[in-house]
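Residue numbers (our numbering), protein chains in the order written: chain A, 1 to 248; chain B, 1 to 183.
Any given hint could be a false lead.
[Claimed, not checked] Part of the chain A face toward chain B, derived, beta carbon under 10 Å:
| # | residue |
| --- | --- |
| 1 | E3 |
| 2 | D21 |
| 3 | L42 |
| 4 | L49 |
| 5 | A54 |
| 6 | R71 |
| 7 | A74 |
| 8 | K147 |
| 9 | D148 |
| 10 | A151 |
| 11 | V182 |
| 12 | A193 |
| 13 | R196 |
| 14 | D220 |
| 15 | A223 |
| 16 | L226 |
[Claimed, not checked] Below, in silico cross-link-like pairs of lysine to aspartate or glutamate (EDC-like), each with a Cα-Cα straight-line distance of 20 Å or less:
| # | chain 1 | residue 1 | chain 2 | residue 2 |
| --- | --- | --- | --- | --- |
| 17 | B | K165 | A | E240 |
| 18 | B | K165 | B | E155 |
| 19 | A | K147 | A | D173 |
| 20 | B | K92 | B | E121 |
| 21 | B | K174 | A | D7 |
| 22 | B | K174 | B | D87 |
| 23 | B | K174 | A | E44 |
| 24 | B | K165 | A | D206 |
| 25 | A | K147 | A | E240 |
| 26 | B | K92 | B | E130 |
| 27 | A | K147 | A | D206 |
| 28 | B | K174 | A | D18 |
| 29 | B | K165 | A | E44 |
| 30 | B | K165 | A | D173 |
| 31 | B | K174 | A | D228 |
| 32 | A | K147 | A | D38 |
| 33 | B | K165 | A | D228 |
| 34 | B | K92 | A | D38 |
| 35 | B | K165 | B | E121 |
| 36 | A | K147 | A | E44 |
| 37 | B | K92 | B | D50 |
| 38 | B | K92 | B | E127 |
| 39 | A | K147 | A | D64 |
If you're looking for bench data, these hints aren't it; they were derived computationally from the structure.
Predicted, not measured: the structure shown is a model, and the values here were computed from it.
Positions of the beta carbon are idealized from the N, C-alpha and C atoms, including for glycine.
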Amino acid sequence: MNEHVQDDLEAYALGALDRGDAERVAQHLALCASCSNDAASLAEIVGTLPDTVALREPRPALRDRVLGAARAEARQATSRRSPRWSFGAVRLSRIAFAGLAAAVIVLGAADVEAYRRMVTVAAERDAYNRTLESLREGARLWYMAGKDSFAGSGGTLYEPRADGKQPFVLFHDLPPINEGQVLTIWLVSPDSAWARAATFRPNGQDIQVVQINTEVAGFDRCAVTLDDSPSGKHGTVVMESRIAPPTP
Amino acid sequence: MPEQHPPDDALLASLAARDLSALATLYDRYGRLAYSLAYRILGESEAAEDVVQDAFLSAWKGAGSYRRERGNPRAWLLSIVHHRAVDILRRKTTFRPAPLEMAESQPSDEDTAVSAEKNVEHRTVREALEALPQAQRRTIELAYFGGYTHVELSELMGVPLGTVKGRMRIGLQKMRRALERTR
Numbered sequence: 001m002n003e004h005v006q007d008d009l010e011a012y013a014l015g016a017l018d019r020g021d022a023e024r025v026a027q028h029l030a031l032c033a034s035c036s037n038d039a040a041s042l043a044e045i046v047g048t049l050p051d052t053v054a055l056r057e058p059r060p061a062l063r064d065r066v067l068g069a070a071r072a073e074a075r076q077a078t079s080r081r082s083p084r085w086s087f088g089a090v091r092l093s094r095i096a097f098a099g100l101a102a103a104v105i106v107l108g109a110a111d112v113e114a115y116r117r118m119v120t121v122a123a124e125r126d127a128y129n130r131t132l133e134s135l136r137e138g139a140r141l142w143y144m145a146g147k148d149s150f151a152g153s154g155g156t157l158y159e160p161r162a163d164g165k166q167p168f169v170l171f172h173d174l175p176p177i178n179e180g181q182v183l184t185i186w187l188v189s190p191d192s193a194w195a196r197a198a199t200f201r202p203n204g205q206d207i208q209v210v211q212i213n214t215e216v217a218g219f220d221r222c223a224v225t226l227d228d229s230p231s232g233k234h235g236t237v238v239m240e241s242r243i244a245p246p247t248p
Numbered sequence: 001m002p003e004q005h006p007p008d009d010a011l012l013a014s015l016a017a018r019d020l021s022a023l024a025t026l027y028d029r030y031g032r033l034a035y036s037l038a039y040r041i042l043g044e045s046e047a048a049e050d051v052v053q054d055a056f057l058s059a060w061k062g063a064g065s066y067r068r069e070r071g072n073p074r075a076w077l078l079s080i081v082h083h084r085a086v087d088i089l090r091r092k093t094t095f096r097p098a099p100l101e102m103a104e105s106q107p108s109d110e111d112t113a114v115s116a117e118k119n120v121e122h123r124t125v126r127e128a129l130e131a132l133p134q135a136q137r138r139t140i141e142l143a144y145f146g147g148y149t150h151v152e153l154s155e156l157m158g159v160p161l162g163t164v165k166g167r168m169r170i171g172l173q174k175m176r177r178a179l180e181r182t183r
């Protein structure tokens, strides 16, 4: 277990830590029941502060905007669950072409490099097929860009819509890390709670697939940290997504 | 606070089941408070409305991941509003620290008493906050509503970081004791 964060819990509860410190505390809280209980108790007190503000009426149209946005999201979620394309008896190469063309559109420029490598790295055919399958089912995609020593690398979290399909992250260009270190994938909820999703080491290949053994629904960001051990001390954030788009 | 029907937990369960009427009820219950909080932080109605829409949409999409141990549904929803509003405030503000007087001229609490007095629960919280020594109260308000980090507050107020942390700790402890006495 890494060092406790009691000294920063009040500032964390008040939202008065910078992003790096807040991430460090949130990651610790995900692992430490004692600090987590203290944080929850402080959050309860801080949660009363909104009661001190002057109450103002929003415009009535705001209610319609909120419900309209939710209705649109629900429609998109429903359409994602319906198969978009019927493949019939089309040959695999054509399916691959269509799938990859869709990948270019969906992933955007940031993942073009990953896409190109997907085509050329035959050894990663399994990942490639899985990607096609999840695209066929209308997967949700979150791209994480590497930073600092991980600049130039990246990872796309795929949340397949098909029943029984696990979410996974397709990484590209992961640099080697020191002996004993690991990379941890985190899912971040809208209220900034962090949940550990998977721990792994780079395999030295251009592309690497890591399975996520937890539900992705309900989280809206993800990140990767470079850690000194699989279960204890967390390190720096080396990759992170912006807020995930609601739909591809 | 009197129990509301349906209870907030049930509303979130309905949200997770994609029930739009539950979202409408949640908005009717907390939309005004959420907007007021966002406005208090941002001082602009348009930005505050964007934050509220974003927060309710996040709740709609994230209700399935809500865990009671992270706070009650109301606190959870308002924490999303707070995070989003402070994020925007920090992005749009070329930081800072501003002179203390400028920081304190942000939307004020001076007019809060009128509306807050109407609600006993709100009045109790406000009195607990007002009862704090000025330095503790100011530190908590500038952190929570002003979006200042504790490091910025240290510079802004011209006191060591440890003093800022101490003011936050003691101030929140006092608020807790005051609120417990009234329950």
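So which hints don't hold here, by number, going up?
Failing hints, ascending: 1, 8, 9, 10, 11, 13, 15, 16, 17, 20, 22, 24, 26, 28, 30, 31, 32, 33, 34, 35, 36, 38 and 39.
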